[in-house]
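Novice: Sequence:
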Amino acid sequence: MFRTLFSVAALLSMPVLAEDAKPSFSDYTTALKVEAQSKGYKSELLDEVFSSLTYHERIVSADKSQPEFVETLDTYLPKRVSEIRISMARERYEKYLPELTEIGKKYGVHPRFIVALWGLESSFGRFMGSYSVPSALVTLAYDGRRETFFKKEFFHALDILADGHISFADMKGSWAGAMGQSQFMPSSFMAYAQDGDGDGKKDIWTNQLDVFASIANYLKQQGWDSDKTWGREVLLPKDFDATNAIARGSLKRSEWLERWQQSERSLSQWHALGVKRLNGTELPQRDITAALIFPDGENGRAFLAYDNYKVLMHWNRSYYFVTSVGYLADLIVAKDQN
Numbered sequence: 003m004f005r006t007l008f009s010v011a012a013l014l015s016m017p018v019l020a021e022d023a024k025p026s027f028s029d030y031t032t033a034l035k036v037e038a039q040s041k042g043y044k045s046e047l048l049d050e051v052f053s054s055l056t057y058h059e060r061i062v063s064a065d066k067s068q069p070e071f072v073e074t075l076d077t078y079l080p081k082r083v084s085e086i087r088i089s090m091a092r093e094r095y096e097k098y099l100p101e102l103t104e105i106g107k108k109y110g111v112h113p114r115f116i117v118a119l120w121g122l123e124s125s126f127g128r129f130m131g132s133y134s135v136p137s138a139l140v141t142l143a144y145d146g147r148r149e150t151f152f153k154k155e156f157f158h159a160l161d162i163l164a165d166g167h168i169s170f171a172d173m174k175g176s177w178a179g180a181m182g183q184s185q186f187m188p189s190s191f192m193a194y195a196q197d198g199d200g201d202g203k204k205d206i207w208t209n210q211l212d213v214f215a216s217i218a219n220y221l222k223q224q225g226w227d228s229d230k231t232w233g234r235e236v237l238l239p240k241d242f243d244a245t246n247a248i249a250r251g252s253l254k255r256s257e258w259l260e261r262w263q264q265s266e267r268s269l270s271q272w273h274a275l276g277v278k279r280l281n282g283t284e285l286p287q288r289d290i291t292a293a294l295i296f297p298d299g300e301n302g303r304a305f306l307a308y309d310n311y312k313v314l315m316h317w318n319r320s321y322y323f324v325t326s327v328g329y330l331a332d333l334i335v336a337k338d339q340n
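Position in the sequence shown counted from 1, then plus 2, gives you the working numbering.
Errors might be hidden in some of the hints.
With a straight-line Cα cutoff of 20 Å, these simulated EDC-like cross-link-like pairs (lysine to aspartate or glutamate) come out [as the list claims (entries may be wrong)]:
#, residue 1, residue 2
1, K153, D49
2, K35, E149
3, K278, D332
4, K107, D229
5, K107, D227
6, K44, D165
7, K154, D29
Restraint-style ranges between C-beta atoms, simulated for each label pair [unchecked claim]:
#, residue 1, residue 2, range
8, E235, S125, 21 to 27 Å
9, S63, I86, 26 to 32 Å
10, E300, A23, 48 to 54 Å
11, D227, S256, 28 to 34 Å
12, S256, V36, 33 to 39 Å
13, E300, K66, 30 to 36 Å
14, I290, L47, 44 to 50 Å
By construction, these hints were calculated from the structure, which means they are not laboratory data. Bear in mind that the values here come from a model prediction, so they are computed numbers and not experimental data. The beta-carbon is built from N, C-alpha and C at its ideal position, and this holds for glycine as well.
Using the sequences and the hints, build the whole thing.
Specialist: In structure tokens, the structure reads:
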């Protein structure tokens, strides 16, 4: 009993570590610089980067208060795949078709999907973000909600600068640290960025060939199959058993892939269940498998998703985003893709 009372008294006498006990941004970056020095970065690089690191309250606000939009596919698609974006995508597809065709053959990726991702991520390089990437990443690391993740991304950003792919002044991106025309996080840059024109740099900010090759390499490394498209919207019969589809919910990728396996069937099996093309005709007679997706739940649109859908879900785990990529890619060439 005495020991218990003593412990409570001791606890009550201890100072409370309130929010103001958190180190200042200046102290945090000072410690971070020491850590960077221990990793062997050149002092000139560290002096340049750390002397200009800036804390952005707007970034923290954006990260903590991302709105939960009441959105449906019917409201999302017209905004993301607008007539203007379709027109711009077709124009750029034609403009860069020789380069896209060569890169597409090299990586085994359809050129139209390269253009679709380019258009949806940065509006064809027009909107890449104006934040200094190191400052954005350190701001989010300092905030603490995902410190480990953003610190790793920061050191990847230092690696990119150390390798000379981009100057510090030109390393701009979104508030979350996504960079360039492909909006790669630094870790994705390290894993997938490519030197598309052989100049020794991987410049996803200003070099179009590097952008195209980097997008294509990402898709290739995640298993893109050039013999298939992404999927198709389908019609379901009345009283269709919705348990055949992937159940909705926020899931880890591994859990989502398990549900994919549970839903996956051959096109002939889906045909036997009464699934038809959107125009009411029979599904293609091809020896491929697909999973069934309900982006808005079982009362919304239905899609048969092929393996490439999984690849796009690795890029961005959002049914709406992946569907917009597929729709835009198909509309670029304006013909039915089987």
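Novice: Take the hints in turn and mark each one as holding or not.
Specialist: Quick rundown of the hints versus the structure:
Proposed proximity of K153 and D49 is supported: the alpha carbons are some 18 Å apart, at most 20 Å. For the suggested pair K35 and E149, the alpha carbons sit about 15 Å apart, so the restraint of at most 20 Å is met. Annotation: proposed proximity of K278 to D332 holds, straight-line Cα distance about 19 Å (limit 20 Å). Distance restraint check for K107 and D229: the Cα-Cα separation of roughly 12 Å lies within the 20 Å cut-off, and the hinted pair is therefore satisfied.
The straight-line distance between the Cα atoms of K107 and D227 is roughly 12 Å, inside the 20 Å bound, and the hint therefore holds. Simply put, K44 and D165 have alpha-carbon atoms about 11 Å apart, close enough for the 20 Å limit, and the pair holds. The hinted pair formed by K154 and D29 meets the criterion: a straight-line CA distance of about 19 Å does not exceed 20 Å. A hinted range of 21 to 27 Å holds for the C-beta pair E235 and S125, which are about 25 Å apart.
A hinted range of 26 to 32 Å holds for the C-beta pair S63 and I86, which are about 30 Å apart. Against the hinted window of 48 to 54 Å, the Cβ-Cβ separation of E300 and A23 comes to about 50 Å, which satisfies the hint. Look at D227 against S256: about 21 Å separates their beta carbons, and that is not inside 28 to 34 Å. Checked against the given bound of 33 to 39 Å, the beta carbons of S256 and V36, roughly 36 Å apart, stay inside it.
Taking 30 to 36 Å as the suggested C-beta distance range, the pair E300 and K66 conforms, at roughly 33 Å. A hinted range of 44 to 50 Å holds for the C-beta pair I290 and L47, which are about 49 Å apart.
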